[in-house]
Amino acid sequence: MAPQSIILIADRNPRIREFIQRELKAQSHQVIMVENAEQLGELMERAGRVDVLVIDPDMPGLNGATHLNRVLLRRPTLPVIFHCLASDYCTLATPEREVVFVEKSGQSVDALKQQIWFLLMRRQSPDQGAVV
Amino acid sequence: MWKKLNLRARIDLLLAALVVVALSGGSVMVWYTYRIQNLFAQIIDQNLACYASAAALETALVNQKGYVTYYYLDGDPTWLEKFEEQRKLFDEELRRAQHLAHKHDQVERMKQISDLYTQYIAQKTQVIEYYQTGRRAEGAELHKTVRGLFFEIMDLCEKYKMEHFEEIQQAQAKVGGEASRLRLAGIGSILVHMLIVIGLGVFVVHQILVPVATMLKDAGGDSELNPSGNIVTALSQSVSTLLKNVDQAQHELEKSRENLLQSEKMAMVGRLAASMAHSIRNPFTSVKMRLFSLSRSLKLDEAQQEDFQVISQEIRHIDTIVQNFLEFSRPPKLVMQAISPSAVVDNTLQLLSHRLDSYGVAVEVKRQQPLPEVLADPEQLKEVLVNLIINACEEMKSGGAIVITESVRTKAGRPQAVLHVADNGPGVPSANAEKIFQPFFTTKDEGTGLGLSIAHRIVTEHNGNLRLDPTHAKGAAFVICLPVKENKA
Numbered sequence: 017m018a019p020q021s022i023i024l025i026a027d028r029n030p031r032i033r034e035f036i037q038r039e040l041k042a043q044s045h046q047v048i049m050v051e052n053a054e055q056l057g058e059l060m061e062r063a064g065r066v067d068v069l070v071i072d073p074d075m076p077g078l079n080g081a082t083h084l085n086r087v088l089l090r091r092p093t094l095p096v097i098f099h100c101l102a103s104d105y106c107t108l109a110t111p112e113r114e115v116v117f118v119e120k121s122g123q124s125v126d127a128l129k130q131q132i133w134f135l136l137m138r139r140q141s142p143d144q145g146a147v148v
Numbered sequence: 016m017w018k019k020l021n022l023r024a025r026i027d028l029l030l031a032a033l034v035v036v037a038l039s040g041g042s043v044m045v046w047y048t049y050r051i052q053n054l055f056a057q058i059i060d061q062n063l064a065c066y067a068s069a070a071a072l073e074t075a076l077v078n079q080k081g082y083v084t085y086y087y088l089d090g091d092p093t094w095l096e097k098f099e100e101q102r103k104l105f106d107e108e109l110r111r112a113q114h115l116a117h118k119h120d121q122v123e124r125m126k127q128i129s130d131l132y133t134q135y136i137a138q139k140t141q142v143i144e145y146y147q148t149g150r151r152a153e154g155a156e157l158h159k160t161v162r163g164l165f166f167e168i169m170d171l172c173e174k175y176k177m178e179h180f181e182e183i184q185q186a187q188a189k190v191g192g193e194a195s196r197l198r199l200a201g202i203g204s205i206l207v208h209m210l211i212v213i214g215l216g217v218f219v220v221h222q223i224l225v226p227v228a229t230m231l232k233d234a235g236g237d238s239e240l241n242p243s244g245n246i247v248t249a250l251s252q253s254v255s256t257l258l259k260n261v262d263q264a265q266h267e268l269e270k271s272r273e274n275l276l277q278s279e280k281m282a283m284v285g286r287l288a289a290s291m292a293h294s295i296r297n298p299f300t301s302v303k304m305r306l307f308s309l310s311r312s313l314k315l316d317e318a319q320q321e322d323f324q325v326i327s328q329e330i331r332h333i334d335t336i337v338q339n340f341l342e343f344s345r346p347p348k349l350v351m352q353a354i355s356p357s358a359v360v361d362n363t364l365q366l367l368s369h370r371l372d373s374y375g376v377a378v379e380v381k382r383q384q385p386l387p388e389v390l391a392d393p394e395q396l397k398e399v400l401v402n403l404i405i406n407a408c409e410e411m412k413s414g415g416a417i418v419i420t421e422s423v424r425t426k427a428g429r430p431q432a433v434l435h436v437a438d439n440g441p442g443v444p445s446a447n448a449e450k451i452f453q454p455f456f457t458t459k460d461e462g463t464g465l466g467l468s469i470a471h472r473i474v475t476e477h478n479g480n481l482r483l484d485p486t487h488a489k490g491a492a493f494v495i496c497l498p499v500k501e502n503k504a
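Residue numbers (this note's numbering), protein chains in the order written: chain A, 17 to 148; chain B, 16 to 504.
Don't read these hints as lab results, they were simulated from the structure. Some clues are possibly wrong.
Stated by the list, open to error - Mimicking SDA-like on lysine to any residue, the simulated pairs with C-alpha atoms at most 20 Å apart in a straight line are:
no., chain 1, residue 1, chain 2, residue 2
1, A, K129, B, S312
2, B, K412, B, V378
3, B, K189, B, Q57
4, B, K303, A, E39
Let the hints inform the model, and build the full structure from the sequences given.
Right under this line is the structure:
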């Protein structure tokens with residue numbers, strides 16, 4: 017695993033972003049945060065490394081799954097984790113892009129860290145199995 | 016012209032024609048009655064009187080005959096007195112006959128009779144004088160001549176009488192002719208009446224009864240409405256029923272409109288509430304995350320630990336309420352697949368095994384063979400069973416037993432998979448039986464009142480039904496019926 021994996025957190029709630037950032041930084045990850053679809057789009061367009069995107073698709077400026085797919089078009093291989101409520105996952109998930117779902121809850125940060133770790137491992141050695 | 020008239024004008028016109036024909040027919044009859052009465056009066060007053068007068072004249076003449084001859088034979092002057100009486104009678108009858116004569120030829124005839132009679136009387140007087148003076152031979156000779164005049168007058172009287180008789184016959188024939196014309200006029204009037212009545216009848220049938228019958232048929236009227244077959248009464252009843260139906264439909268429409276407006280308002284309120292609930296969950300999740308983080312690092316004494324747990328539990332409770340509300344207001348889309356409800360029962364019991372143990376509840380499944388496949392979303396169906404089982408567990412506070420009986424039944428010719436979930440808890444009070452599926456109805460302190468409502472909606476979306484089993488005596492029992500998947504050949 018690279019010592020400084022770059023995790024992009026996209027969540028409308030700054031407290032949740034900061035909490036996840038704190039938890040991930042404690043694991044030596046570098047964290048970038050965006051709070052809306054516009055910032056996410058700009059970051060996706062910009063050249064620069066991102067290893068995993070953790071996104072709650074219930075965010076300002078993001079209008080549905082098609083819009084999300086368009087925003088992520090420049091990064092077709094970027095692993096995506098939907099960290100959101102189950103209802104939002106059902107509404108926004110599409111078969112066009114493979115995503116990992118972690119239901120957002122009080123204790124979900126552990127599951128989130130586990131999925132990030134798993135995706136980073138798979139990114140390093142793609143033969144290690146499928147995404148859950 | 017006829018086509019331009021409206022129905023009312025046509026009926027008025029036909030009725031007016033009927034009245035005119037009836038009045039004219041009646042007037043003709045009355046007129047003819049008077050005419051015939053006049054004819055009869057004429058016959059009686061004139062012809063018959065003239066005829067009687069002529070007959071009396073003839074009789075008076077005949078009565079004069081013989082008296083002078085008798086005098087010639089025995090010389091008795093009494094015969095001459097009787098002759099004189101008869102002559103006076105004849106004169107009276109002659110005057111009366113002259114008075115009655117009204118036609119020219121009758122007057123002429125009377126003049127002839129009068130002249131001849133004057134001549135006859137003059138010669139007869141001469142004969143009497145001859146007999147009185149003893150000149151019997153001259154008297155007898157003149158008497159023969161006088162006898163010729165007598166028969167001549169007699170013939171005239173007879174002719175005059177027969178002329179009146181012929182006039183009576185002519186008047187009779189005239190009356191007969193008038194009567195024939197009266198009959199013809201009567202028959203004609205009857206025929207015209209019949210034609211107008213038939214026309215009116217045809218008109219009434221085609222312009223009123225047929226359209227009325229068509230209206231009645233269109234209005235759904237039938238013989239049941241009026242067994243007597245009075246089409247107008249039936250139409251009246253039908254129209255009355257239609258008006259009532261229209262009133263009812265209007266009332267229902269207004270009610271539906273109100274309900275629709277109310278539903279739209281409720282839907283808007285629901286959307287707002289759902290949006291708000293969704294927004295609330297986000298900071299709540301943040302709070303829960305921070306609590307979780309705190310719980311990992313805080314060193315708390317026993318009391319603080321209890322406070323912390325209560326805060327966590329209450330926050331979890333609020334989150335459950337919000338989550339249930341969200342699920343209720345924005346139900347997930349069903350992902351249907353063919354699955355046996357028996358498999359869903361097994362999965363649910365496996366999922367709930369730890370919780371069932373913690374509640375001290377034993378579950379028994381009565382199954383002869385796995386239920387046939389139904390088209391269902393297994394996750395949603397599982398949620399229905401979880402709701403029912405957790406509800407039962409919460410009601411049976413100190414443990415108990417749940418029996419799930421699986422069976423297949425046929426309803427309206429279609430097989431249904433039936434799950435009967437029964438517990439031996441306190442049961443549902445009859446007063447609450449109709450309310451338990453209503454949203455937000457709960458008897459529990461910490462209940463959201465949405466569990467059974469969500470379960471009911473999920474089963475309904477599967478074209479099935481969820482109901483309380485009223486026959487279950489001890490505890491509560493719910494019946495889930497789902498249509499068995501059809502095997503298409």
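So, going through the hints one by one against the coordinates:
For the proposed pair A:K129 and B:S312, the alpha carbon gap of about 18 Å is at most 20 Å, so the pair holds. With a C-alpha separation of about 15 Å, the suggested pairing of B:K412 with B:V378 holds against the 20 Å cut-off. Restraint check for B:K189 and B:Q57: satisfied, since their Cα atoms lie roughly 11 Å apart, inside the 20 Å limit. The suggested pairing of B:K303 with A:E39 holds, with an alpha-carbon distance near 15 Å, which does not exceed 20 Å.
Going down the numbered hints, you'll see the structure goes against none, and every one checks out.
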